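Chains as they are written, first to last, in our numbering: chain A, 1 to 341; chain B, 342 to 793; chain C, 794 to 1052.
Treat the hints as calculated values from the structure; they're not laboratory data.
Mixed in with the good hints there might be a few duds.
[Stated by the list, open to error] If the Cβ cut is set under 8 Å, some of the chain B residues that face chain C in the computed set are:
1. P685
2. P708
3. Y709
4. A713
5. Q771
6. H772
7. R775
8. A778
Just so you know, these numbers come straight off a predicted model, no measurement behind them.
Glycine included, C-beta positions come from ideal geometry on N, C-alpha and C.
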Amino acid sequence: MNTEQQNTAAGPELVVGVSPHIHSGASVERIMLDVVIALLPAVAAALYFFGLNAARLIVTCVATCLATEWICRRLMGRNNTLGDFSALVTGLLLALNLPPGLPTWMAIAGGVFAIAVAKQVFGGLGYNPFNPALAARAFLLISFTGPMTTWSASCIDATSTATPLGMVKEAFKAGAPAPFAMDGGLTLDFLLGNMNGCIGETSAIALLIGALYLLYRRVITWHIPVAFIGTVAIYAAILHAVNPAASMPVHFHLLTGGLMLGACFMATDMVTTPTTARGRLIFGVGCGLLTMVLRTVKTGAYPEGVSFAILIMNAFTPLINRATRHRIFGAAEAAKREARK
Amino acid sequence: MKVSPAPFLFRGGIHPPDSKTATAALPLKDLPLPARLEVSTSQHLGAPAAPCVAVGDRVTAGQLIAKASGFISANVHAPAAGTIAAIREAPTPTGRTATAIIIETDADAPAGEPPYKPIPDWREQAPRSLLDRVAEAGIVGMGGAGFPTHVKLSPPGDKPIDTLILNGAECEPFLNSDNRLLIERAEQVWEGCQIIRRILGAGTIRVAIEDNKREAAKALAAAMESAPDDAHIHLLKTLYPQGSEKQQIYSVTGRTVPMGGLPMDVGCVVENVATAYAVWDAVVNGRPLTARAITVTGDAVNTPTNWFAPVGTSFADLVAASGGARDNLAKLIAGGPMMGFALPSLEVAMSKTSSGLLLFPRECVRPYRSMACINCGRCVEACPLGLMPNELSQAAEADDIDEAENRHVMDCFECGACAYVCPARRPLVQHMRRAKAVITQRRRAAAQQKKT
Amino acid sequence: MITSILVVSGIGLVCGVALALGARYLSVEENPLIGTVTELLLGANCGACGYAGCGGYAQAIVAGEAPPNRCPSCTPEALAQISAALGIAPIEAAAREVALVLCRGDDEQAQKRFVYDGITACAAAAAVGGGDKACRYGCLGYGTCLRACPAGAIEMVNGVARVHPELCISCRKCVAACPRGIIRMVPAASHTHIFCSSRDPGATVRKVCKVGCIGCRICTRLAEGAITMDGTLAVVDYKQPLDNEELPAKCPGKCILKV
C-alpha cells in the first residue's frame, strides 16, 4: 500500500489557515440586508402616508449615500465597500429620519455628511463612533432648523403644522392644558402612523414588525429596545402619576416622535453600541432617560430627544464597554488564591 | 452508578452543526499495516524523545525506539516490526517539524510477546508500579494537546485529587473516534479509568459525555454495572467546547479552575477516553501506545471510515485506504474542524493525538477576510472564558500587545468559538495566537535576562 | 454686549498672564545648541536617522551620542554648519544607503506550497505552516514592509516587495519589519545586486524558484572579489567596486540584476 506518489497532485491547491475551519455562515452583508428587510414595513408606511415626498427622500438619500461611499473609498485608495450594504442601510435610515417636506438638496447634504464625515473620516464601517444617519440628522437639524421642523407637507393633517410632541411641548410651555386627549381613536391613528413626523418614524406598528424580524434573525438582542422603551414608559408613568394635568400618558410617549425607530433601529446599530448584555441594558436605560429629559424639560429647544439621546449615549459606548466586561473564567478564583498567599 | 444531566453549564459556547452522522454508526476498522511508518519523536507536549535506534536496525512490534528526554516528555515505540529506514526531520500534524523515525514494516513478522509484562492483577499492585507502566508505555493525553499522562497522574502532594473526570465529550464536530471507542470497547475504557483512579487515589469518577452520544453513554453504563455508587455518568448539554478541560470541570463539578491554574488546583484530573483505553492496554496487556482510533471523514473523501490505525501511518495511506480523496479536495485538517491544523500536504504522518483527518471540498472552505470589526458582540457572547475577542484582536492588529496581555489574551486556549460566529470573518484565533507568541517570546527573553 | 466683550477679554488676559508666568518660571533649561541643530536638520521628522524626529536626533548629536551625518536629507552645507555650530571638525556626509529586497521570486517565478488563508501580514503568514512560499527565504508578499515604510517607497510587484530607491529615506524600518530578514541596506550608488537570500543548496532552490541563487560561483570569478560566497549563497561585497556588465547575463540562476 505504498501510495507516496498518489494524491500529491492535490498538494499546492490546498488551503492552509489557522483554525477554526468551519464558520457559522453569518456575514456583515447578511446582517445589513436583514436591517433593510426589517425596514421595509416602515418604508411602506412612509410611502402610504407621505406619498411621493417619501419616495423622493428615500431615493435621494440612498443614492447619495451609495455614491458618497463609492467616491470616498475611491479617493482614499481603499477597497470598494458598496457590497457590504452598510451605506444602503445608512441612506434608508437617514431618509426615514427626515420630514416629508425637506428640500432635496438638503437631503443630499445629509447623505454626504452621513457617509463622508460621520463614517469614512473615521475609517469606514466599524470605526465610526456615532451612528452616521443620526449624526447626519443632527447636522441637518442644527444647520436647517426651520425646514427640519416644518411638517406642513403631511398629506393627512394639513391644518396642523407641528408634530404631536411639538404641540404638547408648546402647550405645556405656555402653561396651557394638553392640546388633545389620548382617546382610543387617536391612539389607533398614532399606532398606525397617521400623524405628523419624520417619514419613517410615525408608524409604530410597522417599526415593531421590523424589530420582531431583527430579533428573530438574531441581528439585534432585546436588551436595548426593551431597556430604552421601558425606561421611557416608566419615566412617563411617574410624571403622569405625579402631575396628570401637565404631562401626557405613557402611551402618548411610546407612540409619538422617533422612539420606535430610534429604539429598534438606531440604538441597536452594533457599531456604535455596547457589546455586552449588561452594557446594552445600561445603554438603553441611558437613552430612555435622556429622551424623556429632552422631551419634558420645558426650557428645551426641541420637542423630541431620541436622536440626541442616542448620539450622546454613542459617546459613552467605549466607557460602558469598559465597565461591563465579562468576568473572566477563573479570575475571581485566581485573585482569591493570590490573596490567601 | 447513575446517568444524569450535568448539574452546571459554563457561560458562552456555540452550537456548530455536529456533522457526525457520516461516521457515527461505522465500527472501528483495523487499518492494514502500511509499508512505511513515519514515527515522530514529538507526538507530545514537551521535549521530543531521543531516538535509541540506528538506521538499519531491525525492530520488533512495541520496541522502544525513542526515549523520553526530561520529565515532560514521552517514550515512543515501534508500532510494528520492521527495519529502520531513516531518521530525519519530518512535518508533524501540528504544523511543526521534528525528528521522525521511518520504519519499513515487515508484514510477515510473527506477533511475538508484548514488550512489557502484562499486569492483569493491577488491583493488587502498588499505584507507583502502575504509574511507571503508564510512563514506559509512552501514554499521552489523546484528546488533543498530548500532555504526557504520567506527569498529569503525579500531582504534587499538596494538591489532593478527589475527582477523576473521564472526558468522552468529543465536542468537536465530525469526529467519532472517542464515540466509537466507547461504544465498542466500553469495558476496556472503564477498566482503564479504574486503573487511573488507582494511580491517583482519587475518590470519585465522573464521566462526561455530550447528550448527542446516548449510545456511547449506554454502552459505558452497561460496562459500569458493577461500579461503586460514587461513579457517575453526566450527560453534558451539546455545546462547544464542553470537551475543554476547564469548561468540563465546571459543567460536572461546578468548580472553577483559577485563571492560570491547573485542574489539580480544584482537585480534579481529566482524562480522555482514548487515553483510558491506552492505559488499559498498557497495564493489562503490556502493550505500549502505538495505535489509536481516528475518524477519516469530510465531503472530499470517498469512503468515510473510523480506523484503528498505527501511529506513524501517513495521511496519504489513510486517505487511500478510505477510498481516496475526491478532486474537489481543498482543505486537509488534522484533528477537529474547530481546533485542528490545516496541512499543506498529505505527506504527514498521524500521531498519538490524531483523533481525526478531515477532507473538506472547495465549497466548504470559506476564506477569512481582513474586514473591520463591526462590534456586534457575538464573539463576546461566544467566548467560554469571558474574554473580549473583538477588543483583543483589535489590540493585536494594532500591535498593542501590552493591551492584549493586560486583557488576558494568554488565557485564550484558541477554541475558535469567536471566529466561528464572527460575521466579519476576522481571523480572530490567528490574532490571539500571534499576540500570545509575541508575549511568550518577550517573557522568555525577560527570564533569560534575569538569569544573566 | 459690553459685558460679553469684557468677560471674554478678561479670560484672555488671565490666561495670557498665566502662560507668561509659566514660561518665565516653569521652563526647562535647554541647551540652545539643540535648537540650532534642529533647525539645520530641516525638520522633516522622517525618522531616517533612527531617532524620534529631528529634535530627538539633535539632542543626541549635541550630547555626542550620534554623529551629525546620519540625516539622509541633510545637504553638505547644512552638515558643515552643524559641525561648525558644534565646534567639531567638519564631518563628511555618509554615503546614501537605500533598502533592497533580496528576492525577486514573484508569483510567476517562485512556487507556493499551499494557498494561505489568514491575516494579511508577513509575520502572521510565516507562522502558518512556515509560510506559503515554497522557498523558506523568499519574500512572502503580505506587505508588512510596505506598511512599515513611512515614505511610501515600497510597492508590491506581483507578490514581491520592491523598494523604489529614489523614494527611500534610509530609515531601516522595513529592514526591522521583515520577518524573513531579507531586506538589506545597500549603497544607493551601487546598481548591480544579487536578488536572492536562499541558503538552501542549489538543487532545492532550483525546485522552488526560477530566479534563485544556486551557488554555482560563476559570479564570484567574474566579479573579482566583489562577490563572495556565504555558504551556498553569493553575496555582493558593496565595499568593492562591481562594474562587470556581463554579470546579469552570465548568472544561471538569473538572480543578478542591474537596476
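Please verify that hint: H772 (chain B), Cβ, nearest Cβ of chain C, below 8 Å or not. holds, 7 Å
Using Cβ atoms only, decide whether Q771 (chain B) comes closer than 8 Å to chain C, and label the hint accordingly. holds, 5 Å
A closest beta-carbon separation below 8 Å is what the hint needs, so does A778 (chain B) meet it against chain C? Status holds, d = 7 Å.
For the hint on R775 (chain B), just tell me whether its beta-carbon gets within less than 8 Å of chain C. holds, 5 Å
Satisfaction of the P685 (chain B) interface hint, Cβ to chain C closer than 8 Å: P685 (chain B) check passes; min Cβ-Cβ to chain C is 4 Å, inside 8 Å.
Less than 8 Å between beta-carbons is the criterion; does A713 (chain B) satisfy it with respect to chain C? At 13 Å from the nearest chain C Cβ, A713 (chain B) fails the 8 Å test, so the hint is violated.
Can P708 (chain B) be said to touch chain C, with a Cβ gap under 8 Å? Holds. Min distance 5 Å.
Given hint Y709 (chain B) near chain C, where the shortest CB pair must fall under 8 Å: Constraint on Y709 (chain B) satisfied, holds at 6 Å.
Checked against the numbered hints given earlier, the structure breaks only hint 4 and satisfies all the rest.
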